[in-house]
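Number of protein chains: 4
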Amino acid sequence: MLSFLSDYTEGAHPKVLQALIDTNMTTLPGYGEDAYCLRAKEKLRAFCGDREADVFFLTGGTQVNAVAVSALLRPWEAALCAETGHINTHEAGAVEFTGHKVIGLPAENGKLPPAVLAAWLERFYADETHSHMPFPGMVYLSHPTELGTLYTGAELDEIAALCRRYGLRLYIDGARLGYGLAAPAAELEIGDIVRCCDAFTAGGTKQGALCGEALIFPRHGAPAHFDTLTKQRGAMLAKGRLLGVQFDALFTDGLYLELSRRAVELALELKKELTGKGLPLFIDSPTNQQFFVLENAALARLREGVAFNLWEPVDEGRTAIRLVTSWATRPESVAALAALL
Amino acid sequence: MLSFLSDYTEGAHPKVLQALIDTNMTTLPGYGEDAYCLRAKEKLRAFCGDREADVFFLTGGTQVNAVAVSALLRPWEAALCAETGHINTHEAGAVEFTGHKVIGLPAENGKLPPAVLAAWLERFYADETHSHMPFPGMVYLSHPTELGTLYTGAELDEIAALCRRYGLRLYIDGARLGYGLAAPAAELEIGDIVRCCDAFTAGGTKQGALCGEALIFPRHGAPAHFDTLTKQRGAMLAKGRLLGVQFDALFTDGLYLELSRRAVELALELKKELTGKGLPLFIDSPTNQQFFVLENAALARLREGVAFNLWEPVDEGRTAIRLVTSWATRPESVAALAALL
Amino acid sequence: MLSFLSDYTEGAHPKVLQALIDTNMTTLPGYGEDAYCLRAKEKLRAFCGDREADVFFLTGGTQVNAVAVSALLRPWEAALCAETGHINTHEAGAVEFTGHKVIGLPAENGKLPPAVLAAWLERFYADETHSHMPFPGMVYLSHPTELGTLYTGAELDEIAALCRRYGLRLYIDGARLGYGLAAPAAELEIGDIVRCCDAFTAGGTKQGALCGEALIFPRHGAPAHFDTLTKQRGAMLAKGRLLGVQFDALFTDGLYLELSRRAVELALELKKELTGKGLPLFIDSPTNQQFFVLENAALARLREGVAFNLWEPVDEGRTAIRLVTSWATRPESVAALAALL
Amino acid sequence: MLSFLSDYTEGAHPKVLQALIDTNMTTLPGYGEDAYCLRAKEKLRAFCGDREADVFFLTGGTQVNAVAVSALLRPWEAALCAETGHINTHEAGAVEFTGHKVIGLPAENGKLPPAVLAAWLERFYADETHSHMPFPGMVYLSHPTELGTLYTGAELDEIAALCRRYGLRLYIDGARLGYGLAAPAAELEIGDIVRCCDAFTAGGTKQGALCGEALIFPRHGAPAHFDTLTKQRGAMLAKGRLLGVQFDALFTDGLYLELSRRAVELALELKKELTGKGLPLFIDSPTNQQFFVLENAALARLREGVAFNLWEPVDEGRTAIRLVTSWATRPESVAALAALL
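Chains as they are written, first to last, in our numbering: chain W, 29 to 369; chain F, 29 to 369; chain L, 29 to 369; chain X, 29 to 369.
Calculated directly from the structure, the hints in this document are not laboratory data.
A couple of the hints might just be wrong.
Calculated cross-link-like contacts (lysine to aspartate or glutamate; reagent style EDC-like; alpha-carbon spacing at most 20 Å) [to be verified]:
id	chain 1	residue 1	chain 2	residue 2
1	W	LYS71	W	ASP82
2	L	LYS43	L	GLU286
3	F	LYS305	F	GLU286
4	X	LYS43	W	GLU323
5	F	LYS43	L	GLU217
6	W	LYS43	X	ASP50
7	L	LYS71	L	GLU183
8	W	LYS305	W	ASP255
9	W	LYS299	W	ASP312
10	W	LYS299	W	GLU323
11	W	LYS299	W	GLU340
12	L	LYS43	F	ASP50
All values reported here derive from a predicted model rather than from experimental measurement.
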């Protein structure tokens, strides 16, 4: 059985696992105050090129989004995002549970078009009754998006300029950040993200760790007492080392980007092979998630040999499917899949 | 200066005020346990034709919506509504503050089309990942809607059937319920609403009271300990009499509907007069809120003599405006406005 | 039937009611932007001797406490108060509903002793694990307290100094503030409260209004967008005039303090009469709430002729009761009660 | 350097780690739907002797408490616990963040005395004003307590009877449950806990896992859609296998209790050795946490060679300290510590 189900179907990358094995019997303080957490934070600062970045490790994607978004918003504010944004769809209302509205705006290819954002903001402040509505407090982007697409440099700059102009914070959900940075088509570098954002994440779970998301606030931008807030939201591990050791390994010798690069290469090969066989793209993704349109008649048969996600119905007879690669995808699986179709 | 700004620009209807004057020096217990509250609840039960209806009095529209919606939802559930629904726009995120997502669906003339709701629900449950999303827990309708429009009997029945089928509660925001029931074009009677809804409100603030909204749970449907929950949300008055006395007056001798009927008559006359003068309708409303399209050039001049709301830009040169009547609107004001245009 | 049940058992003081009558038919904008609200705010600023005070009108005591406390606390902070404090007991957990812990400290005569507060704060910061606990963010005092007692100048100064030293905000719940200021034994003047507090309330409901609490943030100290936050919490009235007109009347020609003074005089006379008859005090209150210890055998008989509150059991055979005076208490009622005992 | 700092200062027990290694490259579905999670749940059901128990795996102690407590409470309810209970002290107000008050009652040796609970409940319902207070909705116990002590069979029965009588749910925080079950002095067996509780946890983090707490609702007692609620609170891992594999290992061949038993044996030996040297007990704990009273003068010197927690000041010259054993404590460390004193 081939699996292109997702990038979180295996355990940890062997080097990450080895680091856990090597440090297992070391006695360490709890709650993220151990040497591995500290060292991993240093490495993330170096990766970001920002020696003043505040770095925290949380366990999962929904968790880190809810904690960060609510920490960045003031009580009367809402988060703006593409209507397809993860916080607006597949996080079970976690941001709303913290008391804030999420306002989904029309998306294009999974992205929030700067023009859509600009028009919304202009209309909001032109409305005489706007003080009766939740104020826009932040923009949430995912990069890569839920559809694997990437913001261009111009798009990010334009959105960041709107944020500055309207006093909004800018947050990037980087659950798959590495794939976004390592893609050959990527325009954005880590420095662009650091420069533009008030906070962003560098995901571990989908990038080779057992669990864990790094949350970065550039330029000493962390909210006060953020550790206590993290504890209050049930997002602090007693054995913080579990996250520190893994991120320490992921950010040693460029492993994070190397794993991302290999996964994207396989994904692009997959795209080439499958489109070569005449399979239409549902969307043209430059990263490790690929989306194709399949005849419904072909779905059941494919499912016998391959694990993958149904994405959404395209029309009466066809369905979009998602195929995902990761560090654990073997090159021969791509060929095997192509052979199946 | 004429005012068609809203239906809450004067104090109380004289009969309501007189009731407050008459009862002012009577010594009464607090927190809604006085004889006037009890009597007003009886009258509302009679009005509803449901002797088992649970009735509560809260102070304002946003408040009663947030308290009722959150009390009807279970923690993992969201409220569905027309994207123009009041809880989705002008309540400052009050429902989200209680921890629940509000999901706005495409609206037609301010209404949630049953077909839109049906399609959304079908798609939700067909999605393999739906357990990662907030579950639909209720449908919120406003009747009349924010655009003055009314649901037909067929529409309400269809929505109610969808609610039963999918296990959703049905809630109607009746901040202007009287105008909806008293309109000549109204199909829905109070009995239809009682029959279909798990809860609904009969507004006082916009219908002749100083403040106050009646919240009705038909068939003994109130959540347990709802008084304590009301207190917890800061929605219980020490001098509950203030609400009881007013609703007692409003529901004596048919005053509630009589005031509504007169206001709607004036609104329809206004519509006739203004469309007669060639002013295009923005929407065709059968109730006390009327919407017209005005040349921007005419706006400033009209504002000199009349108070009204800008609704939204229609195109480059034109704007929709809202004109509202109430118990306090004098018939000669309608003629005076028509003369002005 | 005599009533000493509470200070909210009648409607509005005749002058307040008259103001509502006089302004009833005036057309006014909604949401607290009318001339009466503005004028009442000016009068409260004059009363406070702080031309820069930000003033808001909310409807009820639990509501204003929950909104103000949560607006003054940062997400990881708790409110400290006497364990008998209203937010810790009779507000149905309204502050906790906003996400914050209320920490009740041992009280003396309903007051939070400065030494108790100082010791708690010292112990908190000495604890190596304190970053895992909710941080103290504010001190909540009631003045008069729930037991009618008053803070001395020295006590308030000491508490304010602790707040400055530990970075805590200071909030006073003045649901009965007038009685506290007008009592012959009062040390604190309004200027002391304005000087020491980050926010405080001047209650209307228990001081002659139908409803309404004034919330004052001295020195332009209101949180940003406080109106929107108030709306979000369901605490904003469409007819804001209802509060503005009443507070305008209460703060005209010294009515607020005059009513308070008369009520306290009657309460002190009641204390003199009843202690003269040998009834022991449960607590020695200098304000409009008086507390006595009654034989249980006498309770039932007294209840036949007088409405009052049972406070708490004192021992096997005796119970503390509360007797309250207000602007509506007639002097002859005090004599009549004394005669009954 | 010896460490008796806590039971979470090392990684995973070697057998748990081995299970992670062995399963690392297996492709598995996410979100707890993998075979290891299912198998671990089966083993926990067998351990509980309840084939109908609903079992969930969450990552941390504060997280599982906040999710479970808020899921068991209805909106107007509070949790009752010993004032020393973990949710009342060291969880940064996580339960209050979900909107519920935690009411701490006077504790004895870290336990909530049944008589204290009974008296509180009787007084609550006798109070005429109790509907203005948060209703008691559940009792939270920790077993072992934060002071290492254990409830007796009689105590648990009495508390459970009170819960049934007053309609309260009963929840046991078993972050260290194994130590409580394996202690020679333990009266309670797992069957007693299953029989009496609506929910309880069996901790992994402090019992040999890298992270993870099992949450058990006996008799199919899980709240509806609990997985979605878990997701909403940020408490669901994409790689749910991380928890399933570990609990599968811990509950294979009795490892969980075996590790607990060894740790408790070492703790009791430590107690014997240290009291033999004349060190007074701060509290007489039968489990893996031991508490002694130390002269302040001796503290600094001891800290040079041993890592441990200061617990609290006892008097001017003495401090209570905590020494904790775990599966990772070596027998020779106990002797070495004894030699140091």
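- Item | Hints not upheld, ascending by number | 3, 4, 5, 7 and 8
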